[in-house]
Amino acid sequence: MKKSNFKAWLYLLPAVLFLGFFMVYPLADVLVYSFEEGYNSASQTFMGVGTYNYRYVLHDPYFLQAVKNTFILVIITVPVSTGLALLISLGLNSIKKLKELYQTVYFLPYVTNTLAVGLVFMILFKKTAYTDGMVNLLINLFGGKSVDFIDGPYWAKMFVLCFYTVWVVLPFKILILTSALASVKQDYYNAAKIDGTSKWRMFTRITLPMISPMLFYLIITGFIGAFKAYSDAVALFGTNLNAAKMNTIVGYVYDMLYGDSGGYPSYASAAALILFAIVFTITVVNLMISKKQVHY
Amino acid sequence: MKVILQGLTKKFPSRNKKSKEEVVAVSDFSFEIPDGKLIGLLGPSGCGKSTMLNLICGLEKPTSGRILFGDDDVTDLPPEVRGVGLVFQNYALYPHLTVLQNILFPLQNLKGDKKMTKAEMLEKAEEVAKLVQISELMERKPSEMSGGQQQRVAIARALVKMPKILLLDEPLSNLDARLRLQTREELRRIQRETGITTVFVTHDQEEAMSISDMIVVMKKGVLNQLGKPQEVYDDPVNLFVAKFLGTPPINVFRGEVRGERLFIGGEDVLAVPGVGDRPVYAGIRPEGFILNDNGAFTCRLTAVEVMGRDTSVVSTHPSCEGVNIRSIISAENLVDASKEEVRFDLKPNKVFIFDTDTEERIRFGVNGRMGEDA
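Protein chains in written order, with our numbering: chain G, 1 to 296; chain X, 1001 to 1374.
Calculated cross-link-like contacts (lysine to aspartate or glutamate; reagent style EDC-like; alpha-carbon spacing at most 16 Å):
(1) Lys1037/X to Glu1185/X
(2) Lys193/G to Glu1080/X
(3) Lys193/G to Glu1060/X
(4) Lys1164/X to Asp1035/X
(5) Lys1002/X to Asp1213/X
(6) Lys1011/X to Glu1060/X
(7) Lys1130/X to Glu1186/X
(8) Lys199/G to Glu1080/X
(9) Lys1219/X to Glu1359/X
Honestly, the hints are just simulated from the structure, not real lab data.
So that you can see chain X by itself, here it is in the shape it has in the complex:
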């Protein structure tokens, strides 16, 4: 089932009684979720991701805008008739019920012609338990299971009534690092096997990038960019999106464009054809640095971290907005850690420049679209 959001806005009354000002959690949000895809809703804490999810599932009513499931307008429908499954951040498994009872719970609510016999319910529960691989845990109570197992039960409970849309609120945030990796593969597999349109919310860009068919980057309730993870990473529309995606994060410098050349700290580092003279922010991805003793860009070397496959060079530069510059270079390049200075050349398609006021992207020449490495 495809989901269409049209001009979705949600305002909350202000907590502060004195000011009448409303808090805008979601602002004029429009996009279409294609059928059967896995969508990652990505943004920092408090950007309205969870509100967004609550709007889709119907726990919150939008202030304005429409929500369509396929061709049906569900904006004014209560959650139970929308046919959505929601997995809560803390799983919200009923602690006094066993796994089986938890999974059966939604089925026991069905009324009318959807009503099932006990045998049908059990069959359904076992089927979904098998899908998320918890068949042997059916008699346990939630407190007797690990976080990862609870997570699976929560997914099973959301899936058992075959929802048209599955929503997951920070599904992995309560798991430890290793389990998170494992579970996100699992999530991907379950989504593929069921083919249910799935939206999951996360503030972890790595998580979103690794399993989503599409990511939606949100900031303060406003949609900033949507697209395939790699496309968004390679072609961010503004400084926020560029900063938000990627580990280690992008390195941001204050710079200046003079005569179609980018200057950082007085050094002419890159040709930026087609850009007029102006101050800019320059964002350079960690993999955008090429070690070169005669390179144009000079930084003060702080540390060299060898990580086997590649090497992380940590350096500083007076124009850098962050504390450190992190660059990732191939491990074949040996870096002398005792040196004071390190010089780089830059890959043009890994350098993005942004307006200093609007922080919007300024495109130049090859850059932006996926060009070959320089």
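Okay, chain G solo, but in the shape it has when bound:
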């Protein structure tokens, strides 16, 4: 080994050790666990090697429910939150008065304490002995019947979860998109204006391509973030998500490890790897689409 190489490795050592110990080793371990059948964490023994864990997880109704929930969440919240963020950013970008105020208002959720947010959503949606919640009061006002959003029908619960997720991810997306929009040079719009370009065409032919890298970044991270959703569901529906039929894939993994019926690291590992496969596939598809649509 050359001396300079040795030095380089020496400098890298802390990071390599740290990452190896806390990232690489556990990742490899997950892979190993997922193929060890009947693994017992107390005795550190297992019966054999095979795909039983995967077969079990894929036939577990709780897991299938979690996959369904996660997919619904992803399919609804990613487009809705990105689209909404784009609309709001366009609005913010075109107003002059009170721009800073609105920017602050829209960014507030990002810095708000999760507990406070949870409380607000309780007031909005939770049925108690005294009130049906703010949203139900509104529904009643227009002559509708109260809906139990927290313990009621599946669609109502899903609605609350999606609503919550969109609301939580919106500020960051708005922040990114407003700065992306602001960085598009006025000259392009002036040039387009002189050529008599319609507002819509300016948006689709100039604005969208110009901010497409940022938009793409938000979509990719949005997908990944939504696939990893867990804490939001817990905040809204409590820890027994399987009973509420509102579990997510990450929630399922957690339950398999530490839940009331937990203690199955093999199943948890298998589920985690299935999630990895899904996210990986979607990201690759995203990247392939982006090659054509994103202009760097």
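Here the structure of chain G is known, so what remains is to put chain X in place on it, guided by the hints.
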């Protein structure tokens, strides 16, 4: 199409919120741009040239005054119906579109009876690409081209819808020196071939002088002088115009007129018939010096720069406003660089005198109008 500007004024609200004072970018600007000519709008940075261009193309609305294209008053018309093409300083080519798509962009916007079929658009685009000589670059993206090529594409995009007036904002400032020279010839050729009335903005007097049919010298939003480049150079109306035109720049001295003679640093250097006794600024063009060992004007020699065709003599004088005096003399005159002093005679038609307060030109005798060399 001729363009007439009448009393054009543009004020911007002050950035400083405390003072209500407005910033006057263009002030009472009136002149007529003849049909089919190339006009150079010339002035130092921040003098309102770009605002002027924005007013003509309609991106800005004037505070007062009218703009006429031919006989049509376009003052209140939005830019898209004025029929102007604008080339931006940074070209503003859409980076995600190819050259062809960039050139087609304005055509695709056309509506109503002006609407074109795809084939017509392509034909038009190819025609204009040929004119600016970028036919072989049509599939490239702007980032894959040199500055000069991007410049041509920008011109092609502005020309493709056959504007009545072509406006260019500092068209050459983003190019390197050699390319600038080449492109300005090109600009001239394209303008001649299309015959479109063209206004271009520049702070580079050499650029403006070399290709314009007419130049307009602006200072702080006010028109100082307009005319053919050589006329303006030979007959500046004030000290600003005299200083702004010419490389090397004009040499300015503090002087005095006594008994119809110009004195600089106590030396009687030139007859100025018809001028009363007063302190003046004297501007002497670099080519206005004649080397003469018995000359009337004595300067301290600093350096002699031989440039082949001619020789640049650098000297100093206590009354000179600048650091150095630069004079250009024919290379046939050998100057001994070891000498301490150099003496000149002056060509009367290359010497201009100006009022010390108003900096307006004071005319004398032959000078001003193009006289024969003394």
